[in-house]
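As they're listed, the protein sequences go chains A and B.
In this text, residue positions in the first sequence follow this note's numbering: the first is 1, and each later residue adds one.
In this text, residue positions in the second sequence follow this note's numbering: the first is 1, and each later residue adds one.
To be clear, the hints were calculated from the coordinates, so they are not data collected in a lab.
Honestly, I wouldn't trust all of these hints.
Said to hold, decoys possible - Reference listing, derived: stretches of chain A covered by chain B, where coverage requires no fewer than 3 residues with Cβ under 8 Å from a Cβ of chain B:
no.: 1; segment: 57-64
no.: 2; segment: 133-147
no.: 3; segment: 188-195
no.: 4; segment: 200-212
no.: 5; segment: 235-242
no.: 6; segment: 277-288
Stated by the list, open to error - A few chain A residues facing chain B, derived, Cβ under 7 Å:
no.: 7; residue: G263
no.: 8; residue: R273
no.: 9; residue: V320
no.: 10; residue: L356
no.: 11; residue: A360
We put the beta carbon where it would ideally sit given N, CA and C, even for glycine.
2 protein chains.
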Amino acid sequence: MSAPVANPCPVETVAWVGKLPGHCRLIEQTRLPLETVFLDVHDVAGMVDAIYRLAVRGAPAIGVAAAYGVVLGVQGEERRSPADLLTHLEKVCATLAAARPTAVNLFWALQRMRRHGEALGARGLGSKALIDGLYAEACAIHREDADQCRRMGAFGAELIRDGMTLLTHCNAGALATGGMGTALAPMYTARAQGKTIAVFADETRPLLQGARLTAWELSQAGIPVTVITDGMAGRVLSEGRIDAVFVGSDRIARNGDVCNKIGTYTVAVLANRHKVPFYVVAPLSTFDPETADGSGIPIEERPAAEVAEGFGRRTVPAGVKVYNPAFDVTPHELVTAIITEHGTIDRPDTARVEALLRRAGVLAGVA
Amino acid sequence: MSAPVANPCPVETVAWVGKLPGHCRLIEQTRLPLETVFLDVHDVAGMVDAIYRLAVRGAPAIGVAAAYGVVLGVQGEERRSPADLLTHLEKVCATLAAARPTAVNLFWALQRMRRHGEALGARGLGSKALIDGLYAEACAIHREDADQCRRMGAFGAELIRDGMTLLTHCNAGALATGGMGTALAPMYTARAQGKTIAVFADETRPLLQGARLTAWELSQAGIPVTVITDGMAGRVLSEGRIDAVFVGSDRIARNGDVCNKIGTYTVAVLANRHKVPFYVVAPLSTFDPETADGSGIPIEERPAAEVAEGFGRRTVPAGVKVYNPAFDVTPHELVTAIITEHGTIDRPDTARVEALLRRAGVLAGVA
Chain A
1 MSAPVANPCP VETVAWVGKL PGHCRLIEQT RLPLETVFLD VHDVAGMVDA
51 IYRLAVRGAP AIGVAAAYGV VLGVQGEERR SPADLLTHLE KVCATLAAAR
101 PTAVNLFWAL QRMRRHGEAL GARGLGSKAL IDGLYAEACA IHREDADQCR
151 RMGAFGAELI RDGMTLLTHC NAGALATGGM GTALAPMYTA RAQGKTIAVF
201 ADETRPLLQG ARLTAWELSQ AGIPVTVITD GMAGRVLSEG RIDAVFVGSD
251 RIARNGDVCN KIGTYTVAVL ANRHKVPFYV VAPLSTFDPE TADGSGIPIE
301 ERPAAEVAEG FGRRTVPAGV KVYNPAFDVT PHELVTAIIT EHGTIDRPDT
351 ARVEALLRRA GVLAGVA
Chain B
1 MSAPVANPCP VETVAWVGKL PGHCRLIEQT RLPLETVFLD VHDVAGMVDA
51 IYRLAVRGAP AIGVAAAYGV VLGVQGEERR SPADLLTHLE KVCATLAAAR
101 PTAVNLFWAL QRMRRHGEAL GARGLGSKAL IDGLYAEACA IHREDADQCR
151 RMGAFGAELI RDGMTLLTHC NAGALATGGM GTALAPMYTA RAQGKTIAVF
201 ADETRPLLQG ARLTAWELSQ AGIPVTVITD GMAGRVLSEG RIDAVFVGSD
251 RIARNGDVCN KIGTYTVAVL ANRHKVPFYV VAPLSTFDPE TADGSGIPIE
301 ERPAAEVAEG FGRRTVPAGV KVYNPAFDVT PHELVTAIIT EHGTIDRPDT
351 ARVEALLRRA GVLAGVA
């Protein structure tokens with residue numbers, strides 16, 4: 001086992017407690033920012049519930065939690081035969097997969113756990129060794145996620161100078177990953193390097209991930225953070241307060257067009273007008289080389305109630321229509337650079353994205 | 001008395017009920033959009049309370065309500081001597097002026113009522129005639145406000161073609177004036193002209209005037225309206241859904257820079273990028289020829305709680321800073337035209353603003 005990943009961010013979104021048998025400890029994100037409560041999850045049903053209720057959210061964090069969910073489902077089942085255990089593993093994975101039917105990282109992590117179990121079974125291992133192997137694989141998924149965050153943080157921190165003030169949108173931080181986040185990783189790293197920084201966080205309507213989650217985790221880390229409403233970003237930029245923008249991404253097309261939380265495109269347009277660099281931080285798994293440009297990315301439309309009744313009371317008149325797209329697309333010409341765990345793509349376009357993906361072995365062909 | 005102003009908007013924010021003695025009827029805006037409740041105000045204390053609680057808001061609407069508040073204070077006081085009545089008028093005005101210490105239209109309307117009373121007194125009128133005269137002046141203030149709205153609506157409607165979809169920010173509608181509004185007046189007028197239109201309304205954080213008030217009054221008028229969060233305007237514009245933007249203004253500098261509700265500047269930048277016209281609708285009283293450009297306009301900063309606890313529960317972690325500027329400034333080069341009750345200023349700049357103000361007699365000198 002490698003040494004634990006040094007984490008300059010004090011927030012541990014997903015953790016495994018003890019060895020085997022053990023349990024999974026999550027930050028109960030539905031209670032943030034009012035209370036910092038940890039949720040100890042001891043079985044598969046508990047993990048399904050935690051994922052479904054958004055106690056844990058953010059694609060990478062869900063993947064890590066689901067992998068530990070598999071461990072919860074198989075630990076203590078040493079008396080089963082290896083064949084019976086693998087059948088049981090299938091059922092555990094199917095149960096966890098039903099928690100949130102659209103979360104890609106959930107399926108990816110569960111498939112990796114299932115295939116690992118099958119590979120160990122094919123090598124003729126006994127049930128005890130199978131369970132140990134699945135636990136090791138879940139830890140590896142967690143460790144790799146944290147390591148990717150650390151590498152993005154190191155590349156991104158090169159772009160942050162002492163004294164800078166940064167703007168971010170939504171939450172692409174430790175609370176969304178098994179490590180220190182994507183967009184926020186360069187901030188934690190810059191801080192650990194001794195740089196003084198300050199951050200403005202868009203509250204990010206409708207679900208307020210910026211106000212509730214980004215502000216919380218940055219303030220936990222001692223990084224000065226100021227919350228603004230989404231409509232204030234233009235004012236703050238026009239006042240010359242912002243030196244760089246850092247955001248995450250949900251999907252990046254082959255030409256570098258960036259799909260991210262609704263409102264990101266507006267921030268990119270404003271940053272462009274004020275000649276402030278606009279950085280996107282995302283692991284290579286976010287790239288979708290099958291999609292030529294942003295127009296091919298489907299945009300999920302979410303329930304009207306998130307906008308109309310987002311705070312426990314109705315703010316939009318009954319009967320009035322609401323439009324609630326969850327994401328928007330920032331065209332690549334507004335993106336100063338995309339920061340990945342394999343390095344930075346300056347002024348991304350199809351050729352530059354393809355070059356990095358080839359170098360990293362994600363795309364076939366010579367770099 | 002002239003004929004009542006035809007109002008294609010069905011919302012009557014401020015009304016006088018009966019003749020003398022009568023009372024003032026307000027839409028209780030604090031209950032919108034959950035309930036449409038009218039508030040009958042019978043005395044000065046009731047009007048002070050209504051203005052203070054924001055039961056009536058919007059600078060022009062407050063001015064009209066305050067003028068009627070003066071009538072409530074003097075009606076039935078015929079037994080006083082004229083001199084005594086004028087002293088009483090002073091006290092009534094002072095009481096109303098204390099309701100909201102920063103509302104310019106409030107002071108303007110009260111000063112006009114006081115001066116009118118003094119002028120009538122100087123002409124030797126008796127108390128009954130004085131009271132009748134003050135009532136007539138309040139009605140005139142209301143009528144002139146409604147008439148300005150009607151004229152802005154007519155000029156603005158020339159810019160709206162059948163089938164257009166419009167975007168607006170905050171509430172510059174009937175609920176903010178004694179007539180059919182500023183930014184929304186062209187919409188009501190276009191609709192009355194038989195044009196089919198649809199409107200997207202930014203919810204307008206932090207106080208949600210777009211979701212609560214604009215959506216309510218447009219839907220009351222049968223104009224299809226869709227509410228979006230402020231961060232969605234960029235997406236909606238990039239989808240090609242918007243043909244023109246209409247907003248109001250709180251102050252316009254001599255060079256045409258426009259101060260308006262926070263978030264307006266962001267909408268202007270987005271409209272500019274998507275080559276969508278950006279129209280500002282405001283009466284001449286909004287212009288401030290003493291201020292050369294937008295940098296000279298002071299921006300009010302409001303309490304953090306509006307952002308952090310805007311919905312009856314805390315959404316920002318305790319101890320985290322909030323920045324809450326109430327307004328921003330849109331530079332004149334992003335403004336396609338300013339629509340006033342005296343006509344439209346295309347591509348406003350200092351020379352064009354001065355030309356209109358001279359023509360309207362607001363600035364000295366030859367047009």
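Hints breached by this structure:
Numbers 1, 2, 3, 6, 10 and 11 - these are the hints that the structure violates, sorted from lowest upward.
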